[in-house]
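2 protein chains.
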Amino acid sequence: MKKLINDPANVLADALRGIEAAHPELRVDHQHRVIYRAEPKQDGRVAIISGGGSGHEPLHGGFVGPGMLDAACAGEVFTSPTPDQVAEATAAVDRGAGVLHVVKNYTGDVMNFEMAGELAAADSGVRVETVVTADDVAVQDSTYTAGRRGVGLTVLLEKIVGAAAEEGQDLDAVVALAQRVNDAGRSMGIALTSCTVPAAGKPTFDLPEDEMEVGVGIHGEPGRRRVPLAPASEVAALLVESVLADRDFTGSPAVVMLNGMGGTPLIELYVLYGEVARLLADAGVPVARRLVGNYITSLDMAGASLTVLGADDDLLRLWDAPVDTSGLRWGV
Amino acid sequence: MKKLINDPANVLADALRGIEAAHPELRVDHQHRVIYRAEPKQDGRVAIISGGGSGHEPLHGGFVGPGMLDAACAGEVFTSPTPDQVAEATAAVDRGAGVLHVVKNYTGDVMNFEMAGELAAADSGVRVETVVTADDVAVQDSTYTAGRRGVGLTVLLEKIVGAAAEEGQDLDAVVALAQRVNDAGRSMGIALTSCTVPAAGKPTFDLPEDEMEVGVGIHGEPGRRRVPLAPASEVAALLVESVLADRDFTGSPAVVMLNGMGGTPLIELYVLYGEVARLLADAGVPVARRLVGNYITSLDMAGASLTVLGADDDLLRLWDAPVDTSGLRWGV
Chain A
36 MKKLINDPAN
46 VLADALRGIE
56 AAHPELRVDH
66 QHRVIYRAEP
76 KQDGRVAIIS
86 GGGSGHEPLH
96 GGFVGPGMLD
106 AACAGEVFTS
116 PTPDQVAEAT
126 AAVDRGAGVL
136 HVVKNYTGDV
146 MNFEMAGELA
156 AADSGVRVET
166 VVTADDVAVQ
176 DSTYTAGRRG
186 VGLTVLLEKI
196 VGAAAEEGQD
206 LDAVVALAQR
216 VNDAGRSMGI
226 ALTSCTVPAA
236 GKPTFDLPED
246 EMEVGVGIHG
256 EPGRRRVPLA
266 PASEVAALLV
276 ESVLADRDFT
286 GSPAVVMLNG
296 MGGTPLIELY
306 VLYGEVARLL
316 ADAGVPVARR
326 LVGNYITSLD
336 MAGASLTVLG
346 ADDDLLRLWD
356 APVDTSGLRW
366 GV
Chain B
36 MKKLINDPAN
46 VLADALRGIE
56 AAHPELRVDH
66 QHRVIYRAEP
76 KQDGRVAIIS
86 GGGSGHEPLH
96 GGFVGPGMLD
106 AACAGEVFTS
116 PTPDQVAEAT
126 AAVDRGAGVL
136 HVVKNYTGDV
146 MNFEMAGELA
156 AADSGVRVET
166 VVTADDVAVQ
176 DSTYTAGRRG
186 VGLTVLLEKI
196 VGAAAEEGQD
206 LDAVVALAQR
216 VNDAGRSMGI
226 ALTSCTVPAA
236 GKPTFDLPED
246 EMEVGVGIHG
256 EPGRRRVPLA
266 PASEVAALLV
276 ESVLADRDFT
286 GSPAVVMLNG
296 MGGTPLIELY
306 VLYGEVARLL
316 ADAGVPVARR
326 LVGNYITSLD
336 MAGASLTVLG
346 ADDDLLRLWD
356 APVDTSGLRW
366 GV
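Chain order of the listed sequences is A and B. So the mapping is simple: this note's numbering equals the position in the first sequence, first residue as 1, plus 35. So the mapping is simple: this note's numbering equals the position in the second sequence, first residue as 1, plus 35.
In case anyone wonders, no lab produced these hints; they're calculated from the structure. These numbers were taken from a predicted model, which means no experiment stands behind them. Any given hint could be a false lead.
[Unchecked claim] Using 25 Å as the maximum straight-line C-alpha spacing, the simulated DMTMM-like pairs for lysine to aspartate or glutamate come out as follows: (1) A:K37 with B:D245; (2) A:K76 with B:D355; (3) A:K76 with A:E153; (4) A:K37 with B:E244.
Next comes chain A alone, as it looks inside the complex:
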């Protein structure tokens, strides 16, 4: 295992110190492992929290800031945050208008955020609502999930509901919006290599030099099948066809994200995006906005995932609204 770390047991604590040093616009609670905006949102606005296992950076800490999240709760690598962490963050960010929990559909995350919501409601009277993202078309159930896994759509959802909260929409409206985004987005990923969890010290799975994993999850969970390594044009077809087979994306403007898994260089993502864009055009999907880069990663895994969100004028307006985070920034 070759990694720029100290003790594998301290990766999260060490990374949080680096995040704090790198980002004066953030405040890090090292005890509870929560990343907050240094300057909290104004009173009367809905607050938005997300979180999950670490190792997916910039998700979620890199999306804390004006126009997106109020706080991110960081679990150990690939491990859910605890209910205590999330409850602490929930009480801290509430500005009197309630808190939305954005939770990726993994069993541990769902359970711990649910307990946290109950704790925060009981202890501080905060009104908490939850949206569970479930956009991965690869598998119906997985090692870590009942139902579809929550993956790349989480990034797009955090951006859009973040904008709605910032402009003063109330909790019911923000929850309805989150559900609308969740219903209209689909994702699919492939891996060329495994990732290596620091505490494990060896690759999560073995993948021969001439094969790739189709439908991989963001922790290296198995996908649909293994196939021979293929050119980017065929990888793009696999991703696009899987997503389009699951939902009709013609007839409304789409937001598209081609995401790197952490170990894939940007030049390869652009090669792949050229193919994806051509296939989406051929299929009659009108791409209105696009992101190409590393947004929800799996440590050092080489691979990519495609997320497509069927949008409308309202969602595009919220997409275009200013955002000022280290992971996503424009217009501020």
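The hints should help you fit chain B onto chain A, whose structure is shown.
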């Protein structure tokens, strides 16, 4: 070799198609392999061009846009752009105030940009000036260079001179500024793994599982020495001590970049930055601004480089000026 590409011979052409599809705010000249702003700069402003071999993305194409570059000339992977390419771009971006070429110190780049400047001056009467970045403290001469290699400081320089050109400084002032930045910046890098050039199909060099290359160049050129793989705290000390041994950075505000080489996940960069920040503080270097992420990469290489620029109020003002590129964006 596991890569998301089609034919290894077409990686650049394919990537340029992806860049064009991903970025409507850019215009790609596929024949000359130049990336321009879709909306050119206003007349009377100095234009700024950079370029070099591909495989370092987001450098340079990702830095084309308001507040930074006017065009980027893309060579094949790790290969200099041709004089024709650069001359074409130089003539195209000139707004009557002259053009600055920002060139990393590699023999081929320096020679080809020089010829391009002469061509453009002869053919179109454009006034061309050049700054050659040379910030890598690792080696005095290298396989590809007479004198120090130009590496991470190039990113910081492009940002700062881009802001000066945007606010209307004339070519003499922009050139003097570029030289000032170049004189005040130093970089040092390490690699945990080699990179693999697509056309070569195998790693550029072999690096045993328990070793790292100290002072590596951005093409995998050998550095100062190989040492046993070390914890992040020791890697940080190597980087910081090498940079600080070469120039005194106490007494003026510093801009610091901790850059990933392409294959290193963000969580590791934050672990390393935590150590770097502590060491710089201990050494009395007042860090005023910082970047942590992938800005000048070496394909899929795992590793990191540190760049420190001794700034002043004027440089910080230009650093903070609005920039709107895919690789660096704030305040617009």
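Cross-check of the supplied hints:
no.	hint	in the structure
1	A:K37 with B:D245	8 Å, holds
2	A:K76 with B:D355	23 Å, holds
3	A:K76 with A:E153	23 Å, holds
4	A:K37 with B:E244	7 Å, holds
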